[in-house]
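S.K.: Listed below, chain by chain, are the residues.
8 protein chains.
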Amino acid sequence: MLSVYLSGEIHTDWREQITEGADGMGILFNAPVTDHAASDDCGVAILGGEESKFWHDHKGAKLNAIRTRKGIEEADVVVVRFGDKYKQWNAAFDAGYAAALGKSIIVLSPPEHQHALKEVHAAALAVAETPQQVVELLTYVVEGTLPK
Amino acid sequence: MLSVYLSGEIHTDWREQITEGADGMGILFNAPVTDHAASDDCGVAILGGEESKFWHDHKGAKLNAIRTRKGIEEADVVVVRFGDKYKQWNAAFDAGYAAALGKSIIVLSPPEHQHALKEVHAAALAVAETPQQVVELLTYVVEGTLPK
Amino acid sequence: MLSVYLSGEIHTDWREQITEGADGMGILFNAPVTDHAASDDCGVAILGGEESKFWHDHKGAKLNAIRTRKGIEEADVVVVRFGDKYKQWNAAFDAGYAAALGKSIIVLSPPEHQHALKEVHAAALAVAETPQQVVELLTYVVEGTLPK
Amino acid sequence: MLSVYLSGEIHTDWREQITEGADGMGILFNAPVTDHAASDDCGVAILGGEESKFWHDHKGAKLNAIRTRKGIEEADVVVVRFGDKYKQWNAAFDAGYAAALGKSIIVLSPPEHQHALKEVHAAALAVAETPQQVVELLTYVVEGTLPK
Amino acid sequence: MLSVYLSGEIHTDWREQITEGADGMGILFNAPVTDHAASDDCGVAILGGEESKFWHDHKGAKLNAIRTRKGIEEADVVVVRFGDKYKQWNAAFDAGYAAALGKSIIVLSPPEHQHALKEVHAAALAVAETPQQVVELLTYVVEGTLPK
Amino acid sequence: MLSVYLSGEIHTDWREQITEGADGMGILFNAPVTDHAASDDCGVAILGGEESKFWHDHKGAKLNAIRTRKGIEEADVVVVRFGDKYKQWNAAFDAGYAAALGKSIIVLSPPEHQHALKEVHAAALAVAETPQQVVELLTYVVEGTLPK
Amino acid sequence: MLSVYLSGEIHTDWREQITEGADGMGILFNAPVTDHAASDDCGVAILGGEESKFWHDHKGAKLNAIRTRKGIEEADVVVVRFGDKYKQWNAAFDAGYAAALGKSIIVLSPPEHQHALKEVHAAALAVAETPQQVVELLTYVVEGTLPK
Amino acid sequence: MLSVYLSGEIHTDWREQITEGADGMGILFNAPVTDHAASDDCGVAILGGEESKFWHDHKGAKLNAIRTRKGIEEADVVVVRFGDKYKQWNAAFDAGYAAALGKSIIVLSPPEHQHALKEVHAAALAVAETPQQVVELLTYVVEGTLPK
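Residue numbers (the working numbering), protein chains in the order written: chain A, 1 to 148; chain B, 1001 to 1148; chain C, 2001 to 2148; chain D, 3001 to 3148; chain E, 4001 to 4148; chain F, 5001 to 5148; chain G, 6001 to 6148; chain H, 7001 to 7148.
Mixed in with the good hints, there may be bad ones.
To be verified - Derived BS3-like pairs: lysine-lysine, alpha-carbon spacing no greater than 27 Å straight-line:
no.	chain 1	residue 1	chain 2	residue 2
1	D	K3085	C	K2085
2	F	K5053	F	K5087
3	H	K7087	H	K7070
4	B	K1085	A	K85
5	B	K1087	A	K87
6	D	K3148	C	K2087
7	E	K4085	A	K148
8	D	K3148	H	K7085
9	A	K148	E	K4087
10	H	K7085	F	K5085
11	H	K7087	F	K5085
12	D	K3053	D	K3085
Rather than coming from a laboratory, the hints here were simulated on the basis of the structure.
Construct the entire structure; sequences and hints are all you get.
M.R.: The structure is reproduced here in structure tokens:
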């Protein structure tokens, strides 16, 4: 069974497009928590508030790392999605983390970010522009068939 | 002997500030190629031109990866610098790569990037704002002494 | 499925509080043998008595290590509980063992031990004070939801 | 060349006794920062103060970890010293860390801690009571000769 | 359960002979995509055409690598088949990849390639000439019985 | 679930005693092929005869290694049995192989071999003299209970 | 210092062209034994003759593997040269071996082999056609300068 | 530089024959303590006597393991010598330990032990009968030349 981790941008429905498109192939999908507010505040919500924004964020980021690391470490394929907005350093961090572990990386990114992502692309086994292409890539990996 | 890799931003003299500040402590410093034009064009300059910008960049990014990977893999400490401009996804990628290898990470970043870098900061053993702080951190690690 | 090892103090019901609180989430929990007398005497009870207390303890500690190592090595998350009494060096040893293997560590410890545990806390992704917080942390990791 | 890391208690001169006793055998010794005040305050002294004692300690413990991890990871032998006072959980943590990395461990501990240290002793290749014994152990490992 | 990856030549029915011959032993077989045309064109079919033959092939080879790497990394035994025609460098590459990962290698090759394959044979635990022999080898490994 | 590999002597029923004694605990047992004649001749029986006894044995030993390595690598616990006769270097080899992989080792050996086995015993977590003791050790590891 | 292993074809002077071209950069070069006759016969010349060509070659290939494995395992960069003649499966095997170890690979191959080498090229960080290009690649990696 | 560990039999001068024969090739040789009495009694001589022979031997074997493990782990080549007498299980244990670490193994053994050593031989890259052959093997590995 193929295990796929869907890293990166959390503001559009690209994960749903992929998991629905790949329905029925027996792929195991994992992802970070995609509820932005929960993801930002999880540390202090459970472990108590912090006056400093740095430690507020630190507690949350470490808690999220428990899920993220497990997701990447257990994946055969890590799909890293870069969107149009924000710094998205966590997506690039995940890509580097996956690369050092020897994971197969698929980058899903818009053409306008091509030059800025060249080091990330160089570590990937495929660079796609649409979720549909990712579905087709996974279909080929699992079933050996190409889109008609 | 401590081996330190200086990753990230290549437009200011932060590397010189650190290597000069740490002079005499026997630290081995490595870094990527910091000549921006050479770094962008190295692939095609040696192996032949490409019509597509994607493959132009790809050849260069892969060639640079030979040096970058060796630098990170041989380092005890990876200092990752985020500056004011550009996407800097390669810096975040290096941080993720270093984290997965269990390297000690020092992030050097301005306060305004704090929230966007929270996942990278969470993987670091120290977050500094100035090259002088990095010098003091390395001095403490090597010599066990604090600034007066 | 998340695998969690519950290391440390064996004199209160904190393990039951966590496993009951996390009931229904499909988490696999493991733990050392928590029968204090059996744990102390297991080696000599099976393999024959020793005149020296050192070797009596040695045989038992090695036998317990078979279970403990497997528990930590197979865990995604290692929860290490420090209580109010005893030296608890085995708990700190487990934390170090888990840290070197790159496991996600949650420390469960009372505030009065904060300074003495600072190196252990520094290796953890979360520091909790109550079993209920650990339940909430695990709930967030598995289900992505926060307590209301 | 044998590389030895001297972990644990920092209030007596046991490190000096060992390094002086082993003088001339070409052993490379490393150790944590043993200046207690510097070790406690290093994080805030360099990176800025914290109101919370937890984060004050956290910044320091992480900075110390840069040196400690390198010392353990590069060592062939890790000597872990337990003294008469304090919790010394960092010593037990180092022992666990070293054990998971497959390092040869020598524990240096007083007889009264025997039972409480049984798990740590079980992971060690030798348990000594005096620095002189450690010197003799290292002499035997390096030169193959026994004390007369 | 034994996991076996069937690498190499894709123009004869040797894989079918082995999987049918080993039917009922509970072995999990994996293999690369054996549809030659799909394998050659998969990259551009999904991700868009390339003018250069090098990049056309490159995109396809990288996509195939996602499946191939997973297949080898999860295998207990890698069977590498060399046929009569073509360069078959990918088969030898897979053998080297499997060898470095410590996999048990069975080479299936005709006698006339003996000298040219000596380095590959030297890394194998068995060198067979027929698929039937591979079936018998796997039967022995799983069930401990020899052919009558 | 605990996975146990039963290595060594193949002329008495010690494996049956252990697997029957541990019945109902859900332990997964593996072992080498214990049919002595098949084990000796498997290589030439399948792959063709050899004039030289060395290569006759070599082919068989390599084929057996496919099963042995998988058995040891997948085991949590490796039980190594030394009997009264023969050189039994393969048993000691398996013990060394298991030790280097960090497996928990239980040695099952008669008292008269104590001195000759001291290096093997030193790498073990338990040294038993009877299969019944091994059953009790495994029972304690899995269920945490001692014999009455 | 960069360590480079020069694998593959042994009938032209490409190794000399590279080592001479890279003279003065402090690169450590290693290579297999390039005396074809010695390489073929080394096993039997030292350990005694074999009637079977298979075992003659086997003994030699295993002896050569001692040098080859060390060369690849210690290298930062593995250059794999494919020439015009012979099967060259050992070169492809070395490339696979290097890839699995995460080494940086440079392939040196003529254009006519492009399609047959696509899987090997896909694992490489650079594909060169001339030794001079390899010299320029290594110069860039070490010194960061491009040819004028 | 080649690093060679000389394991096994300690009653003849085979180590001297090899180190003298290989003089001038820059090989780094290591070995266990070969003073039989010191090796047997080292544990109790330094750490205090034991009434039980088992623990007497145990303390010594563990102390010797500090040197032995380092020697094997740092070696490129492990030569394992089996002599005419004794059980020599420690030699076979070292061979298994070296095999699991992927070391190149040379076995030095008399013909009469061929069948009993078949599993050890199967893990070796060369099987020699005389120290002179080992010298010639090492000469070939280092210098690429054969005996005349």
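S.K.: Now, for every hint given, state plainly whether the structure supports it.
M.R.: The hints, checked one at a time:
{"no.": "1", "hint": "D:K3085 to C:K2085", "result": "15 Å, holds"}
{"no.": "2", "hint": "F:K5053 to F:K5087", "result": "18 Å, holds"}
{"no.": "3", "hint": "H:K7087 to H:K7070", "result": "23 Å, holds"}
{"no.": "4", "hint": "B:K1085 to A:K85", "result": "15 Å, holds"}
{"no.": "5", "hint": "B:K1087 to A:K87", "result": "7 Å, holds"}
{"no.": "6", "hint": "D:K3148 to C:K2087", "result": "37 Å, violated"}
{"no.": "7", "hint": "E:K4085 to A:K148", "result": "31 Å, violated"}
{"no.": "8", "hint": "D:K3148 to H:K7085", "result": "31 Å, violated"}
{"no.": "9", "hint": "A:K148 to E:K4087", "result": "30 Å, violated"}
{"no.": "10", "hint": "H:K7085 to F:K5085", "result": "15 Å, holds"}
{"no.": "11", "hint": "H:K7087 to F:K5085", "result": "11 Å, holds"}
{"no.": "12", "hint": "D:K3053 to D:K3085", "result": "22 Å, holds"}
Hint compliance for this structure: hints 6, 7, 8 and 9 are broken, all remaining hints hold.
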